[in-house]
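Given only the sequences and the hints, what does the whole structure look like? Please build it.
There are 4 protein chains.
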Amino acid sequence: VSSTLGANSYGKSGIRLFHVARDGDRHEVADLTVAVALEGDFETAHTVGDNAGILATDTMKNTVYAMARTHGVGEPEEFGLLLARHFLGAVAHVSRVRISIQQHVWERMSVGGHEHTHSFRKAGEEKRLAFVTATRASETVEAGVEDLVVLKTTGSAFTGYIRDPFTTLPETTDRIMATAIRAVWTLSRSDADHGSVFAAARTALLDVFADHPSESVQHTLYAMGDEVLNRCPDVTEVRFSLPNKHHLLANLAPFGLDNPNVVFVPTTEPYGLIEATVRRAE
Amino acid sequence: VSSTLGANSYGKSGIRLFHVARDGDRHEVADLTVAVALEGDFETAHTVGDNAGILATDTMKNTVYAMARTHGVGEPEEFGLLLARHFLGAVAHVSRVRISIQQHVWERMSVGGHEHTHSFRKAGEEKRLAFVTATRASETVEAGVEDLVVLKTTGSAFTGYIRDPFTTLPETTDRIMATAIRAVWTLSRSDADHGSVFAAARTALLDVFADHPSESVQHTLYAMGDEVLNRCPDVTEVRFSLPNKHHLLANLAPFGLDNPNVVFVPTTEPYGLIEATVRRAE
Amino acid sequence: VSSTLGANSYGKSGIRLFHVARDGDRHEVADLTVAVALEGDFETAHTVGDNAGILATDTMKNTVYAMARTHGVGEPEEFGLLLARHFLGAVAHVSRVRISIQQHVWERMSVGGHEHTHSFRKAGEEKRLAFVTATRASETVEAGVEDLVVLKTTGSAFTGYIRDPFTTLPETTDRIMATAIRAVWTLSRSDADHGSVFAAARTALLDVFADHPSESVQHTLYAMGDEVLNRCPDVTEVRFSLPNKHHLLANLAPFGLDNPNVVFVPTTEPYGLIEATVRRAE
Amino acid sequence: VSSTLGANSYGKSGIRLFHVARDGDRHEVADLTVAVALEGDFETAHTVGDNAGILATDTMKNTVYAMARTHGVGEPEEFGLLLARHFLGAVAHVSRVRISIQQHVWERMSVGGHEHTHSFRKAGEEKRLAFVTATRASETVEAGVEDLVVLKTTGSAFTGYIRDPFTTLPETTDRIMATAIRAVWTLSRSDADHGSVFAAARTALLDVFADHPSESVQHTLYAMGDEVLNRCPDVTEVRFSLPNKHHLLANLAPFGLDNPNVVFVPTTEPYGLIEATVRRAE
Numbered sequence: 001v002s003s004t005l006g007a008n009s010y011g012k013s014g015i016r017l018f019h020v021a022r023d024g025d026r027h028e029v030a031d032l033t034v035a036v037a038l039e040g041d042f043e044t045a046h047t048v049g050d051n052a053g054i055l056a057t058d059t060m061k062n063t064v065y066a067m068a069r070t071h072g073v074g075e076p077e078e079f080g081l082l083l084a085r086h087f088l089g090a091v092a093h094v095s096r097v098r099i100s101i102q103q104h105v106w107e108r109m110s111v112g113g114h115e116h117t118h119s120f121r122k123a124g125e126e127k128r129l130a131f132v133t134a135t136r137a138s139e140t141v142e143a144g145v146e147d148l149v150v151l152k153t154t155g156s157a158f159t160g161y162i163r164d165p166f167t168t169l170p171e172t173t174d175r176i177m178a179t180a181i182r183a184v185w186t187l188s189r190s191d192a193d194h195g196s197v198f199a200a201a202r203t204a205l206l207d208v209f210a211d212h213p214s215e216s217v218q219h220t221l222y223a224m225g226d227e228v229l230n231r232c233p234d235v236t237e238v239r240f241s242l243p244n245k246h247h248l249l250a251n252l253a254p255f256g257l258d259n260p261n262v263v264f265v266p267t268t269e270p271y272g273l274i275e276a277t278v279r280r281a282e
Numbered sequence: 001v002s003s004t005l006g007a008n009s010y011g012k013s014g015i016r017l018f019h020v021a022r023d024g025d026r027h028e029v030a031d032l033t034v035a036v037a038l039e040g041d042f043e044t045a046h047t048v049g050d051n052a053g054i055l056a057t058d059t060m061k062n063t064v065y066a067m068a069r070t071h072g073v074g075e076p077e078e079f080g081l082l083l084a085r086h087f088l089g090a091v092a093h094v095s096r097v098r099i100s101i102q103q104h105v106w107e108r109m110s111v112g113g114h115e116h117t118h119s120f121r122k123a124g125e126e127k128r129l130a131f132v133t134a135t136r137a138s139e140t141v142e143a144g145v146e147d148l149v150v151l152k153t154t155g156s157a158f159t160g161y162i163r164d165p166f167t168t169l170p171e172t173t174d175r176i177m178a179t180a181i182r183a184v185w186t187l188s189r190s191d192a193d194h195g196s197v198f199a200a201a202r203t204a205l206l207d208v209f210a211d212h213p214s215e216s217v218q219h220t221l222y223a224m225g226d227e228v229l230n231r232c233p234d235v236t237e238v239r240f241s242l243p244n245k246h247h248l249l250a251n252l253a254p255f256g257l258d259n260p261n262v263v264f265v266p267t268t269e270p271y272g273l274i275e276a277t278v279r280r281a282e
Numbered sequence: 001v002s003s004t005l006g007a008n009s010y011g012k013s014g015i016r017l018f019h020v021a022r023d024g025d026r027h028e029v030a031d032l033t034v035a036v037a038l039e040g041d042f043e044t045a046h047t048v049g050d051n052a053g054i055l056a057t058d059t060m061k062n063t064v065y066a067m068a069r070t071h072g073v074g075e076p077e078e079f080g081l082l083l084a085r086h087f088l089g090a091v092a093h094v095s096r097v098r099i100s101i102q103q104h105v106w107e108r109m110s111v112g113g114h115e116h117t118h119s120f121r122k123a124g125e126e127k128r129l130a131f132v133t134a135t136r137a138s139e140t141v142e143a144g145v146e147d148l149v150v151l152k153t154t155g156s157a158f159t160g161y162i163r164d165p166f167t168t169l170p171e172t173t174d175r176i177m178a179t180a181i182r183a184v185w186t187l188s189r190s191d192a193d194h195g196s197v198f199a200a201a202r203t204a205l206l207d208v209f210a211d212h213p214s215e216s217v218q219h220t221l222y223a224m225g226d227e228v229l230n231r232c233p234d235v236t237e238v239r240f241s242l243p244n245k246h247h248l249l250a251n252l253a254p255f256g257l258d259n260p261n262v263v264f265v266p267t268t269e270p271y272g273l274i275e276a277t278v279r280r281a282e
Numbered sequence: 001v002s003s004t005l006g007a008n009s010y011g012k013s014g015i016r017l018f019h020v021a022r023d024g025d026r027h028e029v030a031d032l033t034v035a036v037a038l039e040g041d042f043e044t045a046h047t048v049g050d051n052a053g054i055l056a057t058d059t060m061k062n063t064v065y066a067m068a069r070t071h072g073v074g075e076p077e078e079f080g081l082l083l084a085r086h087f088l089g090a091v092a093h094v095s096r097v098r099i100s101i102q103q104h105v106w107e108r109m110s111v112g113g114h115e116h117t118h119s120f121r122k123a124g125e126e127k128r129l130a131f132v133t134a135t136r137a138s139e140t141v142e143a144g145v146e147d148l149v150v151l152k153t154t155g156s157a158f159t160g161y162i163r164d165p166f167t168t169l170p171e172t173t174d175r176i177m178a179t180a181i182r183a184v185w186t187l188s189r190s191d192a193d194h195g196s197v198f199a200a201a202r203t204a205l206l207d208v209f210a211d212h213p214s215e216s217v218q219h220t221l222y223a224m225g226d227e228v229l230n231r232c233p234d235v236t237e238v239r240f241s242l243p244n245k246h247h248l249l250a251n252l253a254p255f256g257l258d259n260p261n262v263v264f265v266p267t268t269e270p271y272g273l274i275e276a277t278v279r280r281a282e
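Residue numbers (this note's numbering), protein chains in the order written: chain A, 1 to 282; chain B, 1 to 282; chain C, 1 to 282; chain D, 1 to 282.
Just so you know, these hints were derived from the structure itself, not from any lab. As the structure is a computational prediction, the values presented were derived from the model and not from experiment. Among these hints, one or two may not hold up.
What the hints assert, rightly or not - Quick list of in silico lysine-lysine cross-link-like pairs, DSSO-like style, CA-CA up to 30 Å:
(1) A/K127 to B/K127
(2) B/K127 to D/K245
(3) A/K127 to C/K245
As structure tokens, this is what we get:
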């Protein structure tokens, strides 16, 4: 056959970058995993193996390190914009650049009650996210968080759902709810105060998770999205992916014991998966 | 604010199912991880916590096991269709069902030169994939493979690419090429002979990977897609995601040693990532 | 042949237990992964398939949940002792019980500046460890920490090592040092104040890591062990396993850029691995 | 305090090595992860930060690559011996060297019914293992396999075990048995025909797993060890670590369905863990 090339992109993923900024003795660190992807006219590379228009992915990696040295890292959204603009400028036949950044979080240590100048502890699996998509006509910035694992031991119910022939789940007005929040929000402008927006949105997620009387994961999801939009005027929508990390009540009846929400069995498979977008109303 | 609910879905992921079929003493096994996702009118579940229209994800899990008992598993595409049709029938306000299946591959053992009736060895991380998306008006079946890890020690070059100020990669006419193939193809009809199509498509991928004189991952990708379309009339397009699993030539010059493609350093980060769709020409 | 059964044990691993304790509205959580292993006279189970002396591993799992309900969890060292004593009592021909506990760490959330009564955030991959080994004659308690990932951006050197024909590493008086601390200490008595010992030992590790002027990972290891022994009279020795999580200085010279410890490449493979025991001097 | 340094070692882990050997057009590949650990007089490195006696772990890595170029890889046991002898020779105050090798398995592809000269497919997570421990007086070679995942759908029972107040598991005369075999055997001499021993031992494990009528994992373990010793005169003992990868019978009774060993739920947590050594009788 003679086939047609459809949508395509290529780039470098998993570029690990650790940047140290110094303000006198006080060091600030940024630990990123960066991915670069280019779209454009790369048809002959595919169809006849002509690499004349290909920027090597090794070059993309080098560029990330050089840019970090030249310009610093700052907020990941800003570093993403810097990179996206560079690659649009570097290769004329690139039509779209996508930069994806995960920022790994380190907490400054305290020693003897004082913040340490240069020692840090890794603060879990939570990642701050930044995505920049740029064409020659527009720039879109998204930001977010993933693997933000949270749990509440009460204040969560699940009742009133459909009972069909395959339904065995008992209703409950009091259960553990746990999830690993992945939330990505779209910004209305690329020059927002990204550090402040991120902090406000993340706090909104946590505040609502903790305090909202939940009837389901969907119910909590919507309330979190609504509050992010409420607190962050520069955010236009929030997309969520929330696994329901089930904690099953252990059945202790065979041993003559009750279990008033004391002993649970955390499970990893299977898991509920709730995904939705919450948008600012027109 | 008063926010709007956008696109949303929910369901159960990570449903682990192991099915044994018996033909006399000879046992056949199917080892699946199934995900169910429903779309439809679930707005009040999100906005006011009303679960009256919610089929519990625990019920979805139960249904998968019951369906496997009642109907068997067969080809994963067919089991996916069975499940999709069930859930459309079970909940009137569901508009779209997505079933995603990973089939884990077991190889029958041979003992003393004879195929064993009931003992199996896990054949790696490769997974057969099946995706069914069904609405009340249409059914789409996709199939594929992922984590099919392949490597060739010669027959791969990378030359003639852009040299910009950040390019340091030397050109090579002979390198190791390795990838973990993820390929998903779309079928033109849901009643194809799914077992045969899968086998033919997978063989096409492997044959081309092995024999195609490669100028780049893109070049190999296109050739693989073209050959799948060539051999499989029921396939309309193939989508690839191919990480370039770099094997770097070890620099032995400091020790007075040459290295004519003998000693390599496999690396995991960073990695090239090449993604494209190859479609049947009109 | 007629073979001999050597050292053997069996048990249940990966027992996931989540326990909620309530003090009025304020909830405390304990999230454990427990392993139980029994040694004793289990020879005929192996040699002739006689299970008459086997306590099923499923029963061990049930017992962990029942004990958690009956006695609570408390400090993991104490829960381990409780379990070990139970299994010694339950099966007469068991000679040794080993209980291994990983405690996953959750941090209480703060909302609006106040500690929340029942909402928690997972605080990373760090695990508190407790190991109890009990025979009918003795009990040994060990405690520790693993996956405590720390990094310092200065205050670490590596110079003066052997230069042989295969040495290419440049000396440095200022590098990043990063590791995932695994430290397990032995207690001189099983009735120590386990919560206090754990807190003091963990703080000693962090304080020394941060402030000690390091000539190597070995140098830091010894200083950390020495300080744990200094601060914790109930500890007799500390065993360390410290991967050297290398952060390589990016080579920016090809781009005409210097790199005065600003841009680093974190790597995962290969890694140095430094292991040693530090003991209280006689 | 003034602490004492106890047992200690250091080295490089996770050294990834891919070696290509050529016999005309036909290529052979070896894909190894190597770890080097040295013991000896390294006290002052720990206590006062004196690195004069330290061979950098980076140098160990370089040495592995240089040795692979100079001598080839061959059987991993032999490559381990080569490395161990080198490091004993290179550093006078090293008293013991431990080399640990995982060999990742690649299968040669067949294209059009013929073995391909240079294309390979990764054959799963199974690893061949080789461990060499060498002092100035002795050499010990161990070999083995790990992550060899096997499953049988019948021919496995579990009955007659202790029933105590926490026992709920029903007895079964027919269940799925699945495990990931980790078996490490000790060789009586370092110059055995390592390729043949490995092949014979691995086949013995698989043959017995498949055909042995099993009363428990312990029962199968012993039979496998006995057969390895039977077929391999150069092996003196076999150490096993066998997780019981439980496949639970799905409870379909709530849906009015029976389940005569047809539908199972594979689980990962918790898991039984059976460990034992089987030795050649005197």
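Structure-based check of all given hints:
Distance restraint check for A/K127 and B/K127: the Cα-Cα separation of roughly 28 Å lies within the 30 Å cut-off, and the hinted pair is therefore satisfied. Taking the CA atoms of B/K127 and D/K245, the gap is about 19 Å. The hint holds against a cut of 30 Å. The straight-line distance between the Cα atoms of A/K127 and C/K245 is roughly 19 Å, inside the 30 Å bound, and the hint therefore holds.
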